[in-house]
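Use these hints to put chain H with the ligands onto chain C, whose structure you have.
So the chains spell out like this:
There are 2 protein chains.
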Amino acid sequence: TSTGVRASPPPVVRYDMNSVTVTKDPEQNKEKILILTPMARFYQGYWDNLLQLNYPHELITLGFILPKNKEGNAATAALQAEVAKTQKGPIDSRFKEVIILRQDFEPPLTSQDESERHKLNNQKERRAAMSKARNSLIFTTLGPMTSWVLWLDADIVETPPTLIQDLASHDQPVIVPNCFQRYTNSETNQDEERPYDFNSWQDSQSARDLAAKMGPDDILLEGYAEMPTYRALMAYMVEENKGMHHEVPLDGVGGTALMVKADVHRDGAMFPPFSFYHLMETEGFCKMARRLTWTCTGLPNYKVYHYNE
Amino acid sequence: TSTGVRASPPPVVRYDMNSVTVTKDPEQNKEKILILTPMARFYQGYWDNLLQLNYPHELITLGFILPKNKEGNAATAALQAEVAKTQKGPIDSRFKEVIILRQDFEPPLTSQDESERHKLNNQKERRAAMSKARNSLIFTTLGPMTSWVLWLDADIVETPPTLIQDLASHDQPVIVPNCFQRYTNSETNQDEERPYDFNSWQDSQSARDLAAKMGPDDILLEGYAEMPTYRALMAYMVEENKGMHHEVPLDGVGGTALMVKADVHRDGAMFPPFSFYHLMETEGFCKMARRLTWTCTGLPNYKVYHYNE
Ligand SMILES: Nc1nc2c(ncn2[C@@H]2O[C@H](COP(=O)(O)OP(=O)(O)O)[C@@H](O)[C@H]2O)c(=O)[nH]1
Ligand SMILES: Nc1nc2c(ncn2[C@@H]2O[C@H](COP(=O)(O)OP(=O)(O)O)[C@@H](O)[C@H]2O)c(=O)[nH]1
Ligand SMILES: [Mn+2]
Ligand SMILES: [Mn+2]
Numbered sequence: 001t002s003t004g005v006r007a008s009p010p011p012v013v014r015y016d017m018n019s020v021t022v023t024k025d026p027e028q029n030k031e032k033i034l035i036l037t038p039m040a041r042f043y044q045g046y047w048d049n050l051l052q053l054n055y056p057h058e059l060i061t062l063g064f065i066l067p068k069n070k071e072g073n074a075a076t077a078a079l080q081a082e083v084a085k086t087q088k089g090p091i092d093s094r095f096k097e098v099i100i101l102r103q104d105f106e107p108p109l110t111s112q113d114e115s116e117r118h119k120l121n122n123q124k125e126r127r128a129a130m131s132k133a134r135n136s137l138i139f140t141t142l143g144p145m146t147s148w149v150l151w152l153d154a155d156i157v158e159t160p161p162t163l164i165q166d167l168a169s170h171d172q173p174v175i176v177p178n179c180f181q182r183y184t185n186s187e188t189n190q191d192e193e194r195p196y197d198f199n200s201w202q203d204s205q206s207a208r209d210l211a212a213k214m215g216p217d218d219i220l221l222e223g224y225a226e227m228p229t230y231r232a233l234m235a236y237m238v239e240e241n242k243g244m245h246h247e248v249p250l251d252g253v254g255g256t257a258l259m260v261k262a263d264v265h266r267d268g269a270m271f272p273p274f275s276f277y278h279l280m281e282t283e284g285f286c287k288m289a290r291r292l293t294w295t296c297t298g299l300p301n302y303k304v305y306h307y308n309e
Numbered sequence: 310t311s312t313g314v315r316a317s318p319p320p321v322v323r324y325d326m327n328s329v330t331v332t333k334d335p336e337q338n339k340e341k342i343l344i345l346t347p348m349a350r351f352y353q354g355y356w357d358n359l360l361q362l363n364y365p366h367e368l369i370t371l372g373f374i375l376p377k378n379k380e381g382n383a384a385t386a387a388l389q390a391e392v393a394k395t396q397k398g399p400i401d402s403r404f405k406e407v408i409i410l411r412q413d414f415e416p417p418l419t420s421q422d423e424s425e426r427h428k429l430n431n432q433k434e435r436r437a438a439m440s441k442a443r444n445s446l447i448f449t450t451l452g453p454m455t456s457w458v459l460w461l462d463a464d465i466v467e468t469p470p471t472l473i474q475d476l477a478s479h480d481q482p483v484i485v486p487n488c489f490q491r492y493t494n495s496e497t498n499q500d501e502e503r504p505y506d507f508n509s510w511q512d513s514q515s516a517r518d519l520a521a522k523m524g525p526d527d528i529l530l531e532g533y534a535e536m537p538t539y540r541a542l543m544a545y546m547v548e549e550n551k552g553m554h555h556e557v558p559l560d561g562v563g564g565t566a567l568m569v570k571a572d573v574h575r576d577g578a579m580f581p582p583f584s585f586y587h588l589m590e591t592e593g594f595c596k597m598a599r600r601l602t603w604t605c606t607g608l609p610n611y612k613v614y615h616y617n618e
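First to last, the protein sequences are chains C and H.
Position 215 of the first sequence, counting from 1, maps to 215 under the working numbering, and the rest follow consecutively.
Position 113 of the second sequence, counting from 1, maps to 422 under the working numbering, and the rest follow consecutively.
Keep in mind that the hints were calculated from the coordinates and are not lab data.
Within a straight-line C-alpha distance of at most 25 Å, the following computed SDA-like cross-link-like pairs (lysine to any residue) qualify:
| id | chain 1 | residue 1 | chain 2 | residue 2 |
| --- | --- | --- | --- | --- |
| 1 | H | Lys341 | H | His554 |
| 2 | H | Lys433 | C | Arg291 |
| 3 | H | Lys377 | C | Asn29 |
| 4 | C | Lys68 | H | Gly452 |
| 5 | H | Lys379 | H | Lys433 |
| 6 | H | Lys405 | C | Tyr15 |
| 7 | C | Lys124 | C | Tyr224 |
| 8 | C | Lys70 | H | Tyr324 |
| 9 | H | Lys333 | H | Asn550 |
| 10 | C | Lys213 | H | Ser584 |
| 11 | H | Lys339 | C | Ile100 |
| 12 | C | Lys70 | C | Ala129 |
| 13 | C | Lys213 | H | Asp526 |
| 14 | H | Lys377 | C | Val20 |
| 15 | C | Lys303 | C | Met237 |
| 16 | C | Lys213 | H | Met523 |
| 17 | C | Lys68 | H | Tyr324 |
| 18 | H | Lys377 | C | Ser19 |
Excised from the complex, chain C in its bound form:
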């Protein structure tokens, strides 16, 4: 019972994953980058910073996932307006493709305030939800031609324009810059900066001892006085005399800005929404990448900046 009106299906597509290169000079090799952003709120500073990235936009696909709540609806509207403006603007600014997903589960917390987000008791549920959002995004958007994935949080408002080239130049499977925050010192009234993301670290014996005493579903968290890990935090490893490209090995990574070779995800590295070696989300991702025999690298002197609420 074939009908003449139905369009014939598209031809077969065949991809030779060997022909997709992943090199320290991706621009030269026209490598395709997927920038992935879970977004609870829209910040203009994020979009403006994204636009000034000078890796060829025609090689960049953007993927977003936004929660299904009032705040997520507002963020989606704001994002779509900016996307429409950009994709109708100068050809060189337009991105190859923009994919916007609405997540089909409820985020666990109604409040997105920083103090509420960071409460210890809320962290496990919150990081499980964040992990699932990140997993939905990567499973749904990663294609056969993608060489690199850049995870970039929606509240990263300042990076060098050469962020992609700089991170790729290290040719590391997983690499993370140092996430800081600008603020005005209320005593001196000076513009200063302080570390923001404490999820990039090197493991410690204290953390391993804490983990050994935990139940299988318990998780270690960084930055809580109740649970001193004495891990070596990349946040405190800035040594500017060593230059922007100074590398350190890491056992946990943050996800505010995080560059990953697509093959690391293709091997199976995802963001554990459950306790994985007592770690979750981006920290668990690092552990998982390591179980897949990849390594994680930090750039303590290479800074990106988080919005200050």
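Then chain H with the ligands, alone, in the frame of chain C:
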């Protein structure tokens, strides 16, 4: 420096994952199915069986991954020839899309003979390679509109034509039929059948005791006399008086034929290429799905058949 000749980028795509249904009547709801097959060898019986599946082909995307070796090259050529024939044939037989990936890592064993594949010492390396092949396939092909994923091995040569509808009708997140093999009994010269896949099981205290004594990287394997697990195997749970649709809960699943709601993968469920609770590949996948709070179900009386080498 914009140029007039460059085509403008495609419009933004926005997907509301809430609008993609996953129901017990997928055909009625025009739900999209992704059939995924890791393929080391091409069997005509697999293709012929695939063609007789009567779920609307226009709702089915096929995804394959084949190794980069001599045997994989031959299988790719044979597969492509059949795909070309089908996609040029009657409209109703054509699939929505066919994606063929070539894996960019070497399979660990040169021999694909059944006896060699099943040797205990070879299993860990082999199942890690299989896991990575499956992960590459799911990460690369799963799209935002997919409702269900049917994993179907390349040597499954006989299933009911209603396989997809039948499995979906249970509305279970992960569901697996019983994989048997036809053979000729050499004593009686009768055509008979025997269980083939022993990866679908219910856990036992013996298996848990064995696991508790193992090193963190060790794995439990089913069907090896050296390692008696006394798990309850679905292979031996056939009770035909209970009908085709009799369900049993499972703690491990095989992947010869395996139906998964796409959201289970989107939450992060992949095939662990490393020891995960002393499990790997499809058995580890079941454990991971369970850690993500999904359940796994077996249909002991619903049979599919594996090629007999
Ligand atoms: N899709 C989605 N994104 C979220 C959700 N909660 C936070 N985000 C985004 O995920 C990223 C990290 O969350 P954020 O609250 O900034 O974490 P923090 O800075 O580490 O406290 C940011 O880009 C948020 O906009 C959520 O429930 N769903
Ligand atoms: N891509 C890929 N597929 C493989 C490889 N080895 C086996 N396969 C396929 O994976 C599935 C399971 O492998 P098989 O050898 O049949 O496993 P068994 O029947 O459990 O012994 C089958 O569809 C094979 O064709 C490999 O190295 N790469
Ligand atoms: Mn943030
Ligand atoms: Mn087989």
